[in-house]
Amino acid sequence: MDKINSQEALLAAYAACKGSLALRCIDKHDINSPKKEILCCGGTGCHASNSKELMDNLRKAIKEHGLDNDVKVIQTGCFGFCAQGPIVKVMPDNVFYVQVTPEDAAEIVEKHIVGKQLVERLLFVEPMLKERIHDYAKMSFYAKQERIALRNCGLLDPENISEYIANEGYQALAKCLFQMKPAEVVQEVLNSGICGRGGAGFPTGMKWKIAAGVQADEKYIVCNADEGDPGAFMDRSIMEGDPNSIIEAMAIGAYAIGAQHGLVYIRAEYPLAVSRLQIAIDEARKCGLLGDHIMGTDFSFDISIKLGAGAFVCGEETALIHSMEGLRGEPTTKPPFPANIGGGYWGCSTNVNNVETYASIPVIIRKGAAWYSKIGNWQPELDENGNFKRTISGNAGTKVFALAGQINNVGLVEVPMGTTLREIIYEIGGGISGGHEFKAVQTGGPSGGCITKENLDTPIDYGNLSKIGSMMGSGGMIVLSDKDCMPAMAKFYLGFTKDESCGKCTPCRIGTRRMLEMLEKICDGNGDEKMLDDLERLAKTIADTALCGLGQTAPNPILSTLRYFKDEYIAHVRDKKCPAGTCRKLFTLTITDGCIGCTKCKRNCPVGAITGELKQKHVIDQTKCIKCGACIDGCPKKAIVKD
Amino acid sequence: MCCKKLSEAAAAKFAELDAFIDGLGIDRDDPRRRGRLIQVLHRAQAIFGYLPREVQLHVAGKLFLPEAAVSGVVSFYNYFTTEPKGKYCIDVCLGTACYVKGSEKVLSEIERVLGIKADTKPTDDGLFSINALRCVGACGLAPVMIVNGKVYGKVTPAKAVEIVNEYKKLG
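If you read the protein sequences in the order shown, they are chains A and B. Heads up: the first sequence begins at 48 in my numbering, then just goes up one per residue. Heads up: the second sequence begins at 156 in my numbering, then just goes up one per residue.
These are calculated hints, taken from the structure and not from any lab test. In this text, a Cβ means the ideal position worked out from N, Cα and C, and glycines have one as well. Wrong hints could be hidden among the right ones.
One side of the interface only, derived from the structure: several residues of chain B facing chain A at Cβ under 10 Å [claimed, not checked]: (1) Pro221; (2) Asn233; (3) Phe235; (4) Gly250; (5) Leu282; (6) Thr311.
Working from the sequences, and respecting the hints, build out all of it.
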């Protein structure tokens, strides 16, 4: 692509390449169309399930049939439906194949592309209806979603900037540079109502306004891509699937606040995201969309990547800044805020936003604040000029959730604020897996809490979630069923925060360890009822006294499970029983008279604890049993019980 | 450099690291040179496999930083290790999604079969080491284990042992 040195040049580039997306954006779906595009997911999840080899095989089969000119294989970003990967979508047919193996490539080409017939066995089966879905538009996983931040994921080739430009990319930046003053950009973002998607939910426009108000020669804009919340992977998907939207949004932010330098702080655990982002940065530079005199204007801005090194606390903005400076990632008290002189990167005024926030910015600028603010359940109070004054209730826009755990449709879902948990779990998520009963949803990761059945119909927004003792966090949503033990979940999270505590302040360093020890005792059957009171008191003290968000929120999983599932704790300490049957010290496995002596459990047992002859009742040696449950999973007669 | 006699292989590794650091154009009078530290350590670990004291000292010298600054950073971040790894490095994800799908059982089964604990020394034959990881972002495939970068999804304890045995056969 040639260097783009004006708004006209950008629009000309758009006009020249928008046709390349025609097959993908068409409304009329036609299996008889001779021209086809086969979109293959190239996200981390699908790569792990051999999507690369699948693409090679598809290309080979297409060549063998002499269809190279009409049929193209395109590697796109993540479709968000990772558990069903690798995903293949055929356009313009709008057919969605799941769990496709490299061996299936030949059949797809022969039967579908050449024979114009669907490969039934690869179609997605709707878990509630038990039906195979022929048309992507009818998949309940996608039908209820409103994809704004994820708009290009699964649609565009992330390693090709011309596809991003073909989908109106960089037009928002052009609009800012040529038609808007920096203050107008800030006001637009403020009026849109978008809040920080990293978890805290601070209005993005307000953050920009503060940074823009600082008088300084050197300012930085930072993208926080240190997605540390275990179970959340929307930032990874966006960077892998749509890296250009981050670059465009950072340039818009830089223009709005007056920054010259951009930095993306990204986890080293995400190598694919790092490489895609680097490709996009290099391409944008070549096209004159980054660097000196962007699109021929006086605005100059460039972005570089900073790698993290595995520390959860670095998601906190002051810790993140220290890490970028080559220090231990320890947080400092605010103020000074990063936007203040002396508070940011090398002491310069610095603005930090999350990946998902940035991904929404170009659309907000292009379609306008009025459009965005109407999505979701936001009720703002406006001043006489129609500008944002304060939020009365709710939030604007959409939020991406990473749906995981005991649920049928695991993946990324983007829904308007105010959607209820019930809609997400039962309509989009397809219900609880394995016929189990819903127990709770853990949101906000190690800093969050659980939401129970009673609150399934609460509209989800930042305020409502904290009212019911949880939090939005970065959007991890772990669904738990009756087979999950809540004290054990709290123990799991405390194990995490104990490891990730940076050690700077005492309440967090020692407190998380003490709380973990208590939870270990409780789960091992060594706790008493007094311990529950001690645990609660300690948890509240730490929440009040820790230095940064990590420590202040570390007790949340305990406080929220104590609030909603006290009976489970009591069962552990008083009756020495684990109702969910997961705490290994609190149950034994025994074989009942239902045993038919099929020897399956004996073969499944990894430690040889089961003895018995064919067609005779088997016995478990309790001294050898490690309670892994492999015997239960294999027993055809359900003759092994936990007690 | 602290080691008097370097084997040729080690010398080549130090030379590779030096070439990388020299390319960064570090200025000893620039207080912001420290900002390069994590990037350099990533490269050093990629070259050496781990960050023993002599490598840390070397990096400190090349960046004109006190050794304490380097060691403080190495010990803070989970990604950096001061112990050598096995030929096959098994990462087991203990992120929440993997945890609720039973990754703890997978980890304890691998630990039992190999007779080593996660995040400690490798097996005596130097073939395997185990790391417990926090979320690799492949939650759709939970539980996940990774051997030398190759991701295995939806692993069960039995499947994990099969995978380990495959690598054992390779030697």
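Outcome of the hint check:
1. Hint on B/Pro221 is violated. Least Cβ distance to chain A is approximately 12 Å, over the 10 Å limit.
2. The beta carbon of B/Asn233 comes within 4 Å of a beta carbon in chain A, closer than 10 Å, and the hint placing it at the interface holds.
3. For B/Phe235, the shortest C-beta to C-beta distance to chain A is roughly 6 Å, which falls under 10 Å, so the interface hint holds.
4. Given hint, B/Gly250 at the interface with chain A, holds; its Cβ is 3 Å from that chain's nearest Cβ, closer than 10 Å.
5. A cut of 10 Å between beta carbons decides the hint on B/Leu282: the least distance to chain A is about 20 Å, and the hint is violated.
6. The interface hint given for B/Thr311 is met, as the beta carbon of that residue sits about 8 Å from the closest beta carbon of chain A, less than 10 Å.
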